[in-house]
Amino acid sequence: MIITEPSTFDNFFEKGYILANPDLAGHLARGGNATAHFREWGHKEGRRQVTRFFLENRSRLNREKYSRFSNVIDESREYSFIDEQSAFPICFGNKHFSLSEYASESAHPVYGPFAAEITSNPTGLYADIGAGFRDEVFDNCLYIEVYPSMTADMLVEADCLYPIKSGSLDGIGCFAVLEHVTSPWKVVEEMRRMLKPGGKVFIDWPFLQPVHGYPSHYFNATRQGLELMFSDGFEVEYCRTEGNQTPAFTMQWVVGKFLHDLPAEKSSTLRSMTLEQFASQSPTSPFWQSLLTGLPDAMISEFSCGNTLVATKR
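So for the sequence shown, numbering that gives the first Met the number 0 puts the first residue at 0; every next one is plus one.
Any given hint might turn out to be false.
Okay, derived cross-link-like pairs now, DSBU-like style, lysine-lysine, Cα gap no bigger than 30 Å in a straight line [as the list claims (entries may be wrong)]:
(1) Lys195 x Lys43
(2) Lys43 x Lys94
(3) Lys265 x Lys312
(4) Lys185 x Lys94
(5) Lys185 x Lys199
(6) Lys185 x Lys195
(7) Lys195 x Lys94
(8) Lys164 x Lys195
The following label-pair restraints were derived from C-beta to C-beta distances [said to hold, decoys possible]:
(9) Arg59 x Leu258: 45 to 55 Å
(10) Gln84 x Gly123: 24 to 34 Å
(11) Arg76 x Met298: 37 to 47 Å
(12) Glu241 x Ser85: 34 to 44 Å
(13) Ser66 x Ala263: 54 to 64 Å
(14) Lys164 x Ser230: 18 to 28 Å
(15) Leu269 x Ser66: 55 to 65 Å
(16) Arg222 x Ser85: 43 to 53 Å
(17) Gly45 x Gly242: 41 to 51 Å
(18) Ser215 x Tyr78: 23 to 33 Å
(19) Arg313 x Glu135: 44 to 54 Å
(20) His26 x Thr181: 31 to 41 Å
(21) Gln208 x Tyr237: 15 to 25 Å
Think of the hints as simulated: they come from the structure by calculation, not from any bench. Please read these numbers as outputs of a predicted model, since none were measured by experiment. Quick reminder that beta carbons are idealized off the backbone N, C-alpha and C, glycines included.
With the sequences and hints as input, model every part of the structure.
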């Protein structure tokens with residue numbers, strides 16, 4: 000089911016427009032109008048909106064989906080219904096995050112092979128762990144998060160344990176999530192536990208990405224590290240770099256954001272250099288010493304090559 004669609008003059012839906020564009024909050028708080036925003040800027044920017052169908056049928060769809068997944072929910076763990084209608088979304092525990100604590104909501108298209116797996120097995124049951132806000136959802140896939148995104152079916156504490164019965168799922172997707180959990184090996188163990196024999200995992204795990212996201216960023220993984228994490232109890236079909244993970248994204252992210260975050264007088268020095276001149280500068284040269292002097296520690300940490308820790312045993 001499609002959750003969002005392009006906003007046009009023919010289909011404009013103010014409530015859906017506001018929900019799909021949380022960055023309008025400040026504009027609206029200052030007395031701005033969503034319809035006027037769309038007419039002046041939104042249609043030029045290609046803004047999207049949550050569909051009227053999804054919002055008007057959300058309660059019915061949630062009840063139907065809860066009925067479908069009720070047999071795989073581990074009821075030994077206490078949970079509550081958020082809307083008190085005995086339907087999704089349901090909430091386990093009380094240690095969750097709110098959308099306001101995120102710099103921006105995770106909103107990415109689902110991985111194509113995972114979507115194909117779900118649609119090819121309509122009687123199967125799947126889970127998308129750390130799904131964020133999906134612009135397309137499937138009624139045989141459970142969307143799990145630690146904050147109440149609009150498409151979350153289940154809110155769980157960030158303890159890397161999931162209230163799903165063992166051997167109950169046909170497949171699990173987890174995309175750009177494992178770098179943000181405190182114990183990714185526990186998540187992998189949980190995936191193995193929840194899957195049926197022959198069930199598949201679909202994993203996206205960043206490697207060369209600066210510090211990002213909320214609540215924090217703990218572990219990146221090399222390709223070898225990703226393979227190692229799934230070496231016990233899984234038969235790896237492939238482990239490769241996909242189109243959204245190429246060095247182009249690394250270079251654009253690191254160089255682009257570093258330039259953006261530098262004070263103007265420092266960034267102008269970099270912008271005037273050729274790539275060859277920039278690459279020839281030794282990391283310990285006066286050039287880099289001058290460039291890094293005075294930068295906030297948060298920026299140093301975000302782009303650091305490594306970190307050093309010294310600790311004393313209690």
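Hints, verified against the model:
Under the criterion of a C-alpha separation no larger than 30 Å, the hint pairing Lys195 with Lys43 is inconsistent with the structure, at around 47 Å. With a C-alpha separation of about 40 Å, the suggested pairing of Lys43 with Lys94 is violated against the 30 Å cut-off. Distance hint between Lys265 and Lys312 is unfulfilled; the C-alpha atoms sit about 42 Å from each other, more than 30 Å. A threshold of 30 Å between alpha carbons decides the hint, and for Lys185 with Lys94 the separation of about 18 Å falls inside it, so the pair holds.
In summary, the hint linking Lys185 to Lys199 is supported, as the alpha carbons are separated by about 17 Å, within the 30 Å threshold. Note on Lys185 and Lys195: the hinted pairing holds, with a Cα-Cα distance of about 18 Å set against a maximum of 30 Å. Restraint check for Lys195 and Lys94: the C-alpha separation of about 29 Å stays at or below 30 Å, so the hint holds. Among the hinted pairs, Lys164 with Lys195 is consistent with the structure: their alpha-carbon atoms are about 10 Å apart, no more than 30 Å.
Separated by about 49 Å at the C-beta atoms, Arg59 and Leu258 satisfy the suggested range of 45 to 55 Å. At roughly 26 Å, the beta carbons of Gln84 and Gly123 sit within the given window of 24 to 34 Å. Here the CB-CB span from Arg76 to Met298 is close to 41 Å, well matched to the stated 37 to 47 Å. For Glu241 paired with Ser85, a C-beta distance near 39 Å keeps the hint of 34 to 44 Å intact.
Checked against the hint of 54 to 64 Å, the C-beta distance between Ser66 and Ala263 comes to roughly 58 Å, which is consistent with it. A hinted range of 18 to 28 Å holds for the C-beta pair Lys164 and Ser230, which are about 25 Å apart. Checked against the hint of 55 to 65 Å, the pair Leu269 and Ser66 passes, with Cβ atoms roughly 58 Å apart. At roughly 44 Å, the beta carbons of Arg222 and Ser85 sit within the given window of 43 to 53 Å.
At roughly 21 Å, the beta-carbon separation of Gly45 and Gly242 lies outside the given 41 to 51 Å, and the hint is violated. A C-beta distance of roughly 26 Å is found between Ser215 and Tyr78, which places it inside the suggested range of 23 to 33 Å. Roughly 49 Å separates the CB atoms of Arg313 and Glu135, a value that falls within the hinted 44 to 54 Å. Between His26 and Thr181 the CB atoms are about 36 Å apart, so this pair conforms to the stated range of 31 to 41 Å.
The hinted window of 15 to 25 Å between Gln208 and Tyr237 holds, with their beta carbons roughly 21 Å apart.
In terms of the numbered hints stated before, the structure departs from hints 1, 2, 3, 17, listed from lowest to highest.
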